[in-house]
Amino acid sequence: MKKGIANIPMPLKKQVMNKTTFFTGVLVTLITIGVHTFAQQQPTSDSIFNSNGKDKSYALVGMTYNSDIVFLGRRSPVKSPYVSASLSYYNKTGLYLTGTISWLASSKGKGIDLFTASGGYDYNKKKFVAGIFATGYVFNSKSQTAKSALTGKLNAYADYDFDILEIYGDGTLYLSNEMDYVFSLAVSHNFYARNGKLEISPSFSLYAGTQNYFSNYNNNMRFGQHMLNNINIPSMGTGMMGKGTFNMLDYEFGLPVQYLLKRFQFFFFPVYAIPVNAATITENQNTYKEDLSNTFYWSLGVSYKISKLKK
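The sequence shown: position 214 = 214 (full-length UniProt numbering), numbered continuously.
These are computed hints drawn from the structure, not numbers from a lab.
Note that this is a predicted model, so its numbers are computed, not measured.
Backbone N, C-alpha and C fix where the C-beta goes; we use that ideal spot for every residue, glycine too.
Be a bit skeptical, because a hint or two may be false.
Stated by the list, open to error - No farther apart than 25 Å at their CA atoms in a straight line, the calculated lysine-lysine pairs in the PhoX-like style are these:
1) 110 - 197
2) 126 - 262
3) 92 - 142
4) 92 - 289
5) 79 - 56
6) 289 - 197
7) 108 - 262
8) 289 - 79
9) 79 - 142
10) 289 - 126
11) 127 - 79
12) 56 - 142
13) 142 - 197
14) 110 - 56
15) 56 - 108
16) 197 - 108
17) 125 - 197
18) 110 - 142
19) 289 - 56
20) 262 - 289
21) 56 - 197
22) 127 - 289
23) 125 - 79
24) 308 - 79
25) 79 - 126
Unchecked claim - The calculated label-pair distances, taken between Cβ atoms and stated as ranges, are:
26) 248 - 270: 21 to 27 Å
27) 293 - 95: 25 to 31 Å
28) 101 - 132: 31 to 37 Å
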């Protein structure tokens, strides 16, 4: 389930959001293709990353490379790759804390760009998982990444694995100068190999919500750079049309891959995002439309689990 792409130490099926009824047939087709090398093997019970109640509390340290920072299909005018280091503590009660520091590795600038702190609670019972968490962001004052106007978010989610399909849904309250609420729905299927140590989860997700955040971000960061026909326009003002209206915002195809090797978890998460409903801005009786384009981006990383297993 999705807890932020820059932060993927947990098993990927808890971080990938995917779904739309229209594309369910596409995923079912993928599932039924004769890929015999990926039998429907469940993870082995001795995997240290399994949430099967046999672990004590544990910690995770991780490193992640993100090819770009994309938020609801939107990205900044300048590509913003991140290198992130994270430290997480997971208590056997379900409570957890995570801290992350992210280094901007852009050709236009380099340096520490973001500090992130998260805390929450996960409930896991057989094929059902649910949880809540809160995240705070502290961005570099010069950051222009697509999430840089955010100060935090609150999220609640639920996931159920029906074997043939895994269904995920969540609601997120994003905090900036104005609040936004975004809902997502997702569908995926998990293919296992090598006794469950290799997992591939083709997925589709959709996101819908309000766009108050983009009014603030475009006004401060992107206006004049990321709009069509926008030469010498000094400010967006209050002219963003329908920013508080609930709209479809983004469709995403993903193909998360993870591999467990003793206490290490390696993952690769490619995503193809299709943003929709571009923001429309009016300024001095002129109308401008946000320049949206489909985006491919990916994350690559590794995490290491620090724990003592019960005998």
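Taking the hints in turn, this is what the structure says about them:
Straight-line distance between C-alpha atoms of residue 110 and residue 197 comes to about 36 Å, which puts the hinted pair past the 25 Å bound. The straight-line distance between the Cα atoms of residue 126 and residue 262 is roughly 23 Å, inside the 25 Å bound, and the hint therefore holds. As the CA atoms of residue 92 and residue 142 are separated by approximately 39 Å, the hinted pair breaks the 25 Å bound. As the CA atoms of residue 92 and residue 289 are separated by approximately 49 Å, the hinted pair breaks the 25 Å bound.
Taken as a hint, the residue 79 and residue 56 pair is broken in the structure, with Cα atoms around 41 Å apart against an allowance of 25 Å. Distance restraint check for residue 289 and residue 197: the Cα-Cα separation of roughly 46 Å exceeds the 25 Å cut-off, and the hinted pair is therefore not satisfied. Of the pairs offered as hints, the one joining residue 108 and residue 262 is violated, with about 39 Å between alpha carbons and a cut-off of 25 Å exceeded. About 21 Å separates the Cα atoms of residue 289 and residue 79, which keeps this hinted pair within 25 Å; it holds.
A threshold of 25 Å between alpha carbons decides the hint, and for residue 79 with residue 142 the separation of about 15 Å falls inside it, so the pair holds. Of the pairs offered as hints, the one joining residue 289 and residue 126 is violated, with about 47 Å between alpha carbons and a cut-off of 25 Å exceeded. Between residue 127 and residue 79 the alpha-carbon distance is near 38 Å, which puts this suggested pair outside the 25 Å criterion. Only pairs whose Cα atoms come within 25 Å are accepted, and residue 56 paired with residue 142 is rejected, the gap being roughly 41 Å.
Straight-line distance between C-alpha atoms of residue 142 and residue 197 comes to about 41 Å, which puts the hinted pair past the 25 Å bound. For a cut-off of 25 Å, the pair hint linking residue 110 to residue 56 is broken: about 39 Å separates their Cα positions. Proximity of residue 56 to residue 108 is assessed by CA-CA distance (about 44 Å); at most 25 Å being required, the pair is judged violated. The suggested pairing of residue 197 with residue 108 is violated, with an alpha-carbon distance near 39 Å, which exceeds 25 Å.
Simply put, residue 125 and residue 197 have alpha-carbon atoms about 21 Å apart, close enough for the 25 Å limit, and the pair holds. Simply put, residue 110 and residue 142 have alpha-carbon atoms about 11 Å apart, close enough for the 25 Å limit, and the pair holds. Of the pairs offered as hints, the one joining residue 289 and residue 56 is violated, with about 52 Å between alpha carbons and a cut-off of 25 Å exceeded. Distance hint between residue 262 and residue 289 is unfulfilled; the C-alpha atoms sit about 50 Å from each other, more than 25 Å.
For the suggested pair residue 56 and residue 197, the alpha carbons sit about 20 Å apart, so the restraint of at most 25 Å is met. About 44 Å separates the Cα atoms of residue 127 and residue 289, which puts this hinted pair outside 25 Å; it is violated. Between residue 125 and residue 79, the direct Cα distance comes to roughly 40 Å. Violation of the 25 Å bound is thereby established for this hinted pair. Note on residue 308 and residue 79: the hinted pairing is violated, with a Cα-Cα distance of about 41 Å set against a maximum of 25 Å.
Using a Cα cut-off of 25 Å, the hinted pair residue 79 and residue 126 is violated, with the two alpha carbons roughly 40 Å apart. Take residue 248 and residue 270: their Cβ atoms lie about 22 Å apart, and the range 21 to 27 Å holds. Between residue 293 and residue 95, the C-beta spacing of about 40 Å breaks the proposed range 25 to 31 Å. Separated by about 24 Å at the C-beta atoms, residue 101 and residue 132 break the suggested range of 31 to 37 Å.
Consistency with the previously given hints fails for numbers 1, 3, 4, 5, 6, 7, 10, 11, 12, 13, 14, 15, 16, 19, 20, 22, 23, 24, 25, 27, 28, ordered from lowest to highest.
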